[in-house]
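Asker: Starting from the given sequences, assemble the full structure and let the hints guide the process.
So the sequence lines, in the order shown, correspond to chains A and B. The letter at position 46 of the first sequence is residue 45 when you use numbering that gives the first Met the number 0, and the numbering goes up by one with no holes. The letter at position 189 of the second sequence is residue 188 when you use numbering that gives the first Met the number 0, and the numbering goes up by one with no holes.
If you're looking for bench data, these hints aren't it; they were derived computationally from the structure. Fair warning: this is a prediction, and the values are worked out from it, not measured in the lab. Mixed in with the good hints, there may be bad ones.
One-sided excerpt, in silico: chain B residues whose CB lies under 7 Å from chain A [to be verified]: (1) Glu40; (2) His43; (3) Phe285; (4) Val308; (5) Ser315.
Virtual Cβ for every residue (Gly too), placed ideally from N, Cα, C.
There are 2 protein chains.
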Amino acid sequence: MTPRKARPTPDQFAAGIREGNRVLLGQAITLVESTLPADQELAHALLERLLPYTGNAIRMGITGVPGVGKSTFIETLGKHITNQGKTLAVLTIDPSSRLTGGSILGDKTRMEELSRNPHAFIRPTAAGDALGGVAHRTREAMLLCEAAGYDVIIVETVGVGQSEISVRNMVDFFLLLMLAGAGDELQGIKKGIMEMADALVITKADGENKKAAQEARGAYTQALHLVASPLANEWTVPVLTASALTGDGFDETWATVERYCDHTRASGFFQATRSRQNINWFNDYFQLLLQADLQASVQALRSSLEQAVARQELSSHEAALRLLQAYRDHHRTL
Amino acid sequence: MTPRKARPTPDQFAAGIREGNRVLLGQAITLVESTLPADQELAHALLERLLPYTGNAIRMGITGVPGVGKSTFIETLGKHITNQGKTLAVLTIDPSSRLTGGSILGDKTRMEELSRNPHAFIRPTAAGDALGGVAHRTREAMLLCEAAGYDVIIVETVGVGQSEISVRNMVDFFLLLMLAGAGDELQGIKKGIMEMADALVITKADGENKKAAQEARGAYTQALHLVASPLANEWTVPVLTASALTGDGFDETWATVERYCDHTRASGFFQATRSRQNINWFNDYFQLLLQADLQASVQALRSSLEQAVARQELSSHEAALRLLQAYRDHHRTL
Chain A
0 MTPRKARPTP
10 DQFAAGIREG
20 NRVLLGQAIT
30 LVESTLPADQ
40 ELAHALLERL
50 LPYTGNAIRM
60 GITGVPGVGK
70 STFIETLGKH
80 ITNQGKTLAV
90 LTIDPSSRLT
100 GGSILGDKTR
110 MEELSRNPHA
120 FIRPTAAGDA
130 LGGVAHRTRE
140 AMLLCEAAGY
150 DVIIVETVGV
160 GQSEISVRNM
170 VDFFLLLMLA
180 GAGDELQGIK
190 KGIMEMADAL
200 VITKADGENK
210 KAAQEARGAY
220 TQALHLVASP
230 LANEWTVPVL
240 TASALTGDGF
250 DETWATVERY
260 CDHTRASGFF
270 QATRSRQNIN
280 WFNDYFQLLL
290 QADLQASVQA
300 LRSSLEQAVA
310 RQELSSHEAA
320 LRLLQAYRDH
330 HRTL
Chain B
0 MTPRKARPTP
10 DQFAAGIREG
20 NRVLLGQAIT
30 LVESTLPADQ
40 ELAHALLERL
50 LPYTGNAIRM
60 GITGVPGVGK
70 STFIETLGKH
80 ITNQGKTLAV
90 LTIDPSSRLT
100 GGSILGDKTR
110 MEELSRNPHA
120 FIRPTAAGDA
130 LGGVAHRTRE
140 AMLLCEAAGY
150 DVIIVETVGV
160 GQSEISVRNM
170 VDFFLLLMLA
180 GAGDELQGIK
190 KGIMEMADAL
200 VITKADGENK
210 KAAQEARGAY
220 TQALHLVASP
230 LANEWTVPVL
240 TASALTGDGF
250 DETWATVERY
260 CDHTRASGFF
270 QATRSRQNIN
280 WFNDYFQLLL
290 QADLQASVQA
300 LRSSLEQAVA
310 RQELSSHEAA
320 LRLLQAYRDH
330 HRTL
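Answerer: Printed below as a string of structure tokens:
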């Protein structure tokens, strides 16, 4: 038997991550994703130590329906970013996949070139089963990457559901990828998602598709005039076109991100948004913990009250009062 | 000085409401709407007593954007219902109005004829300022009306926001009123609202507008084929036309409501939905009480933790842990 390797202490972990040790960074993200209490504890001890070194990256969210070419887009944009001497971490959320021993089968190969780039770090996150948990895990992975010194963090998600709102709430800049020649309905993009975007990019703007992409650019520019963005004050949401095939549009895309950050930093909106995001994460986290605490303490009573309420033997108000009282009593008598 | 009239006891109140005393019913709804603790306590004592006598009405929600003719539609439908020997209570939610000493100025006159009908009871509910509270107040007013013996309860709301979901969750049948010749966007109807409807009625189908209403009926019927209704199993959402001017379509509208209730009662869906709704109201109520309890016990700490998190002095996870601990300790040391 080989002796079991001792786990690094939080201090060793933190030091290693700050020195750019990618293996330790990967392990730390696995800890963040773990549901084991010991792993969770170590993960949070680590995050506390690294917190002072977070917040220095540009945080970018990218979304779009399957088929829009997200991976190819990110691969090309990533090359553009690292060519400018910046380091990049890409965190992808795939709601349809599940963790298989800490990694997602087949996923890492989606961005082949970028995954071999020494200035880039790519990490898929499975959405898994945990309700609400995936957003927190992704955000914590993002903080770990920031502490590791990455200049740009891209969080990729699929533009079809709840995860967009979570990602919008963890990034500075939210980019929506669209296809030309398809109505919103066909693209499955929910109305609210377009309203969250700081910029739109029409992908695959090459060859026979180039003209349609230009037309779509005009149409979406018009449409966005009707949708005021209450978040990004004094920012006109631009619509760009890009082609991973020709490389066109990536210069402009990245310039837009930098222009947005400059603009919102100057107005104070950038920092105000981050502060607001931090507060939201705290409140979300608290609700998660509170619901777990309820689950652990009064779940049996809750279930029986639900049955009584369903059978109309008890009013929902009276049942709610009894449940709150039981929860309070539970802690009183501990 | 005249001596102050003693308030009826919960038992006197309950007996009076069950005997059909409309003044007491109105006062009870005012108690339900009150934010004074003593009023709330009396309201809930009353609701507990009346609970066994609730649940016997057909609960109907009606929504549509301003201008669609909701009041006129309800007035005409109401006349149709009372002509059949049924009694009707109409509860209207107006998100833009506020309570002025228990009544909404000018509102009662909107359904002039119905308000003079001895078989109908009309009561506006102001949405007011209380977050989340209005839905509970409306639902409790509905229960009071049921205990008073009304055969049909109509809850009217404006089809532009969050209140539709609350109303959908308190009624058996949800009716969406639409105008002909206006796209969804122009009507301000959110996509999700159409998917919640058990039937659509195109209003003002008379005179020059009749042809457009027929066309709209066809178009919406087509559109609804694409939107499967996961709630109403084996129910094809019908699209009707109606005119309050000619009286056309109200027979068919009411027949549709009755057919829906017969159909879902036979399948068990009707009662299953009500049970599910009761459970949801219980859980909603519990969350309201829990948040109020948090507010009363650890609000100061919560605010200071929010500040620390905003300044990035504390991770949102650590702050959440501390807040939960403080909340638990608060009850432990009471």
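Asker: Of all the hints numbered above, which does this structure not satisfy? Sort the numbers upward.
Answerer: 1
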